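*Asks:* Residue-level listing of the chains:
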Amino acid sequence: MKILMFGWEFPPHNSGGLGVACEGLTMALAKEGADIDFVLPKKVPLKAEHLNFIFADGEVSDESFTKALLNAYINDAEYRDAFSKLTEEEQKRYGNTLFHQVNQYAKEAKEIAKEQDFDVIHAHDWLTFCAGVNAKKETGKPLVVHIHNTVFDRYSGLGVMGSEYEIEKEGLQKADKIIAVSEYTRNKVIQHYGIKPEKVEVVHNGVQEEKINAKKLENDLNEFKKHGFKIVSFLGRITLQKGPDYFIRAAKKVTDTYKKNVLFLMTGSGDMERQMMKEASYMGLSDKVIFTGFLRGEDQKKIFHLSDLFVMPSVSEPFGIVPLEALLQDTPVLISKQSGVSEVLQHALKVDFWDTDEMANKIISTLEHPPLGKHLAENGKQEAKLLSWKKAAQKCMVLYENLTGPSLA
Amino acid sequence: MSAICFYFQVHQPYRVKKYRFFDVGNDQNYFNGDENGNLNNEWVLNKVANKCYLPTNKAILKLLKKHPEFKVSYSISGVALEQFEEFAPEVLKSFQDLVATGQVELLNETYYHSLSYIFSEKEFERQVQKHKDIIKRLFNIEPKVFRNTELIYNNDLAQKIEEMGYKGILAEGADHILGWRSPDFVYKPKGGKNLALLLKNYKLSDDIAFRFSSKEWGEHPLTVSKFGQWVGAKNDSAEIINLFMDYETFGEHQWEDTGIFEFLEQLPAELLKNPHNYFITPSEAAARFEPTDEIDAPEFYSWADIERDLSAWLSNPLQHDSAKKIYELEHAVLETEDEDLIHDWRKLQTSDHFYYMCTKWFADGDVHKYFNPYETPYDAFITYMNAVQDLKLRINNHHNKKSPLAGVNAVDAAL
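In the order they appear, the protein sequences are chains A and B. Each residue of the first sequence is one higher than the one before, starting from 1 at the first, in the numbering used here. Each residue of the second sequence is one higher than the one before, starting from 1 at the first, in the numbering used here.
Bear in mind the hints are in silico, worked out from the structure with no lab data behind them. Given the structure is predicted, the values throughout are model-derived calculations rather than measurements. All the pointers check out, no bait thrown in.
Heads up, simulated DSSO-like pairs for lysine-lysine below, C-alpha to C-alpha not over 30 Å straight-line:
no., chain 1, residue 1, chain 2, residue 2
1, B, LYS360, A, LYS385
2, B, LYS18, A, LYS253
3, A, LYS225, B, LYS392
4, B, LYS62, B, LYS136
5, A, LYS350, B, LYS18
6, B, LYS132, B, LYS65
7, B, LYS18, A, LYS259
8, A, LYS390, B, LYS360
9, A, LYS395, A, LYS196
10, B, LYS402, A, LYS260
11, B, LYS144, B, LYS203
12, A, LYS302, A, LYS253
13, A, LYS253, B, LYS324
14, A, LYS381, B, LYS324
15, A, LYS199, A, LYS390
16, A, LYS350, B, LYS47
17, B, LYS234, B, LYS167
18, B, LYS215, B, LYS47
19, A, LYS260, B, LYS18
20, A, LYS391, A, LYS174
21, B, LYS360, A, LYS381
22, A, LYS374, B, LYS324
23, B, LYS325, A, LYS225
24, B, LYS18, A, LYS288
25, B, LYS132, B, LYS188
Partial selection, computed: residues in chain B whose CB lies under 7 Å from chain A:
no., residue
26, ARG20
27, PHE21
28, PHE22
29, ASN316
30, PRO317
31, LEU318
32, ASP321
33, PHE362
34, TYR378
35, ILE382
36, MET385
Backbone N, C-alpha and C fix where the C-beta goes; we use that ideal spot for every residue, glycine too.
The task is simple: from the sequences and hints, build the whole structure.
*Replies:* The structure is reproduced here in structure tokens:
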């Protein structure tokens, strides 16, 4: 099975879950026998054994530069802001709006589709949908669009979704099959985009095997623990979608009522970071809420290790892979019910993101009753281990085969 | 000839309402939630009364009047009786009407439908006595036969029950206890003298209680004539057929539209068509039959799940921890001599609280088969422990009032 796959970012040049998911899925697909050409809009230094990268613009670009403009979570305003800071030379390589960039990618996709030999097109999220649709137009090959995130997750309540919505809708409508990362997301696709239910399949994300088998990390942040601090952490982009403000409000309620020393770590960066810092200090929590900035890899793991509880208070989370990573590091999790991952985890505490009383109640209970955290962590880890990309890849393969079946036979 | 012995369990716990950490120290009412739903005990009781207790009692009363030889027995937990008195006196009245026919036997259990025997023999005795008292007060009866919560049983319990003066005790007819033997005889517990041990025929009992409406079951639909044939086939080999089940089978577990009430209404007549069948109550069985053999059960076992063990209430660390926490308050709470406080402590001992915390079903992916008024077992644990925290504060306050130092010591010892 030959797949032409359109992505927007790929680790380590990624800003979040989309790149991680693309890497996990493609690795597992390769093991199932898929032959993957993975297209990215800009050339970045990347190497992988399991697939062949194609860079749509064909040019070599500076890494940091690419990261600033092309991440999967940028919005048009942020894009324009970043663009304005570029030199004239650099600006030539980019369109002056994000949409320009998306269109440019779509144009290049046509050319790539002409040159490559493949059976199925697979496009990840709205930024690549135009590229996927063009590749289908050009070749008549079946198109699978994979929805990791909808405009309703990104801008819940902000009402500035116009063009992104249109692009998403067109991609969803023109696709032959849609993969949603959860039932939660599938329902959104059906409700908000007028898509027939039978066209949308759920393929839950998985966790990479290396992460499952990774050796436990020795922790060098134990000093806090020695002093009797309990630690509750948030890890993710500090943006509206991730609910950092609900985390702070719950932190306030915990520190108001609970006698023991609790520290709240906020790891990540994003457009609400400053606002969150201000809010924490208004509430008198400057010494209780600690902002660590954006962390990767081993440092992330250390945060999990250190934590007595990991909290994902997302307002809208199509899947949410971070809680699984926390569980693999033996840390119990509290997740919002407005998340896809809550469909696949039984051994997790669950709350509505807005119910900060209940969030605080559950945080305190976990800190107060050690058997609770222990039971959640041990059993949750077992559950997380079972969520492999292998299963996801196998589902995708069946889906590809159903789309291409007759012509292959 | 086969004696047929019906025993129905009637029980409703006091579920802990949504009770958060912020309520600790501020709200001493753990049990009566005011939102309608599965955590509002009055609401649940009225729902079950209308679906099960009232219509089933009506049907049974009719049957008892129609067939003077028909007999049944009940064990009604103290917390259920208390809730009937408070929320649904008409249900209590309907049970009193049944008992007044003289064809109904009542059994003893722990008032709080608790696991107290496992944790504290003294507390167990007190709860059995309290149940005896309420049965005496409401029905003017002194039960002769005992059944423990969820038919939890072992040799030591049987011995204890014999010492307490009972004539009989009920248990599950579990394969691992019986071996090649049949549950359809009266047995004697190991170490017992005259105590009769009645064992549930789980095959026939569960055909009604669990499988009645199951479409996947090869015998579906279950008719009275089919059931009558199964019972009749045992006439040569069964002395007594013990049909033990939750009373909520009728109308609550098996809904009205499954035909369960028609089945119940026709069953006694169908069984009586066969001249080799007759009805018996547990104390009559204890008096009539000599034990066939001795049953040795050194370990606890119960009638729950396939495992027939304690794992529904005591398998994960949350259940063990919370049970330990509530029972270790025994000394401190009794010392307060505060009736309300002691009553609340005991209401928190009801086995259902620990059942709601069970996570073993997650493994079978069979979660929804097991009813839980809480969203998850974790919510059940968190809510329960918050109530326990508040209870501890109340105990503490009590002791501080009396004698600051003694109080601190008593609770500290318990914590």
